[in-house]
Each structure stands twice: as structure tokens, then as C-alpha cells.
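Peer 1: Per full-length UniProt numbering, the sequence shown runs over residues 1 to 289.
Treat the hints loosely; a few may be bogus.
Stated by the list, open to error - Pairwise CB distance ranges, derived in the manner of DEER restraints: (1) Ile8 x Gly273: 32 to 42 Å; (2) Gly273 x Arg140: 15 to 25 Å; (3) Gly35 x Asn141: 13 to 23 Å; (4) Ile8 x Ala132: 19 to 29 Å; (5) Asp74 x Lys14: 14 to 24 Å.
As the list claims (entries may be wrong) - Within a straight-line C-alpha distance of at most 35 Å, the following computed DSBU-like cross-link-like pairs (lysine-lysine) qualify: (6) Lys258 x Lys113; (7) Lys135 x Lys107; (8) Lys107 x Lys14; (9) Lys258 x Lys107; (10) Lys135 x Lys7; (11) Lys254 x Lys135; (12) Lys7 x Lys258; (13) Lys135 x Lys14; (14) Lys254 x Lys107; (15) Lys107 x Lys7; (16) Lys258 x Lys135; (17) Lys113 x Lys254.
Everything labelled a hint here was simulated from the structure, so no lab data went into it. The C-beta atom is built at its ideal place from N, Cα and C for all residues, glycine as well.
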Amino acid sequence: MGLLSNKISRDELKAGDHIYSWRSYIYTHHGIYVGDGKVIHFTRGGGLEIGTGTILDKIIVSSVPHHGDNPCPDCGDQTNLNGVISSCLDCFLSGGNLYLFEYNVSKAIFLAKQRGGTCTIAASDPPEDVVARAKFLLLRNGFGEYHLLDNNCEDFAIYCKTGLLVLSVTKSGSSSQVNSVCAAGGVVTLTLRALGVGTSGSLATASPALTVSASTSALSTTLGAVATGVGAIALTGYGNYCIGRLAYDVGVRKDVRKVPVEELVTLMAVIQGKSESDDNNNKIESKLN
1 MGLLSNKISR
11 DELKAGDHIY
21 SWRSYIYTHH
31 GIYVGDGKVI
41 HFTRGGGLEI
51 GTGTILDKII
61 VSSVPHHGDN
71 PCPDCGDQTN
81 LNGVISSCLD
91 CFLSGGNLYL
101 FEYNVSKAIF
111 LAKQRGGTCT
121 IAASDPPEDV
131 VARAKFLLLR
141 NGFGEYHLLD
151 NNCEDFAIYC
161 KTGLLVLSVT
171 KSGSSSQVNS
181 VCAAGGVVTL
191 TLRALGVGTS
201 GSLATASPAL
211 TVSASTSALS
221 TTLGAVATGV
231 GAIALTGYGN
241 YCIGRLAYDV
251 GVRKDVRKVP
261 VEELVTLMAV
271 IQGKSESDDN
281 NNKIESKLN
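With these hints in hand, go ahead and build the complete structure from the sequences.
Peer 2: Structural data, given as C-alpha cells:
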């Protein structure tokens, strides 16, 4: 494992590790290795619509292990399961390579990792605490409803590792790959303004599908700027992308709190709007005080 890759061998795995594997190399699926060849992870399967309106719908659903007509002898058929589940390592990887998510990295290393979903500045708790959180949430299926931008597999794994939860209802969760999309979305606006193209402000209220599209547009626009000789715009855009990624990282955000796992189930219900919205602030405060 090094600066360019977090790939590890199975022999290096330890209970409490936050691991991930690429899906089509545009999305990373995350989980917590708990020992004995088992991984606890958070997913959405059964063909349920994720709601982006893009190919990511199929990729996210593919996070659930499936073996066609030959279910895994250890895990069985998990294609219709969603929420917090336990799978063998082979089912979790789904044919992909094994990578280790890094914690307590320096800001320099964080910025050097150009893709989100691989590391964080936040420090990890002891392995026994990590495994205990993952097993508790598995028993209670207690991490709320899966949401691509606000509550996904990486959010689950980061919570298990740190106990930190993003409490803001107006920002994305702790997932660094989603926050990279948000940072890239800011580059779109910057680049368009630099090129003299007007923006109506609709980007700030874009749907998840448009947000995903924004990241692609950011890269395309920036590369196009280079091709036409406007290198300064590309460099400025990339700088803002890096700053945005850093600002959204769970290790530096101001809207995160340490939440005991025993309180998480109720708190997630409040955050996801299952309780009366007018009482949300009071309920969150009462849970954390």
C-alpha cells in the first residue's frame, strides 16, 4: 500500500479494518472487516431504485452480493437484502480487488490522493470499538435508510471507525467520494464563470442526478480549457476542487459530533425526517446533551 494505491492482500487484513473495492472503477463499496472472513457493510439491493436516474443506480445495487442461480454457500442469496448486512469477503469484493481505507493521514497526503473514497484526516478508534459498532448496527439494522449522497456505505464504515456523525441536514454526509462530487460541482461554476458562461444558480439546488452529472461536466470543462490553451482556468479549478475536498472531510468539518452507537438508531430517524420536522433541532440537542 502506498501513495498511488491502497491495495492490500488478504493476509494483511485485521479485525476493525475499513476496506473497500471498486465497482466499475467509478464507485467504491465500503465495509468493516470483523474477522473470520466476514465483512459488515451497508447497502441497498433487490433492484430498489436509488434515484439518481443514472448508471450509478445499477452500480449501487450491484453492491449486494449475487451469484445468479448459484448462491454463495456461506452467505446464501443476498440480492434482496438492504441495510446493514454481513457477507463473506469474497461476496463483498464481488470479484474486485481489496483496498484499505486510510485514517489519520496528513493534509498533504489527503490532497495527493486525487480520488475521494480512499482516506480521511480523521483518526480511527481502537479496533474493538470499531467491530462492536458494526456488530451492534448489524443486529439492529440501525443505520437508517440508504441514500446515495447523504447516507451510504462509506458513511457507515467511517461512523464505525470513528463514531463521528455529520449532523447538518443541508450538506452531504461523511462520504469522501460524494464530497468529491460536491467539490467538483463547485469547479463547474467557477470554470463557466471564467469562460464567460452565465449560471442561474440552479447548480446549488440540483438533484442527485444533476450533481453526478456536474462532476463529469467539471472534468470535461476543465480538460477542454486546457485543450484550448486556457491552462490557468484548469489550474484554478483543480485548486478549488482540492480545497473543497479538504473542507468536506469528516476530520475537519465543524458539523460532526461523536455519537454513541446506542443512540444512533433514534438519532438517524430524526435526521432523516421520520420525526416531526419542527422538533428536529430540540431532539438532536437532547440526544447529544
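Peer 1: So, for every hint listed, does it hold in this structure?
Peer 2: The hints, checked one at a time:
1. Ile8 x Gly273: 32 to 42 Å: Because 38 Å falls inside the window, the suggested range holds.
2. Gly273 x Arg140: 15 to 25 Å: 19 Å, holds
3. Gly35 x Asn141: 13 to 23 Å: 21 Å, holds
4. Ile8 x Ala132: 19 to 29 Å: 23 Å, holds
5. Asp74 x Lys14: 14 to 24 Å: Once the Cβ atoms are compared, 20 Å apart, the range 14 to 24 Å for Lys14 and Asp74 holds.
6. Lys258 x Lys113: 26 Å, holds
7. Lys135 x Lys107: Within the cut-off at roughly 31 Å; holds.
8. Lys107 x Lys14: 25 Å, holds
9. Lys258 x Lys107: 22 Å, holds
10. Lys135 x Lys7: Judged against 35 Å, a Cα distance of about 25 Å means the pair holds.
11. Lys254 x Lys135: 28 Å, holds
12. Lys7 x Lys258: Since the Cα atoms of Lys7 and Lys258 sit roughly 29 Å apart, the hinted pair holds (cutoff 35 Å).
13. Lys135 x Lys14: 16 Å, holds
14. Lys254 x Lys107: It holds: about 16 Å lies between the C-alpha atoms, which stays within 35 Å.
15. Lys107 x Lys7: Within the cut-off at roughly 21 Å; holds.
16. Lys258 x Lys135: Within the cut-off at roughly 18 Å; holds.
17. Lys113 x Lys254: 22 Å, holds
Of the numbered hints given earlier, the model fails none.
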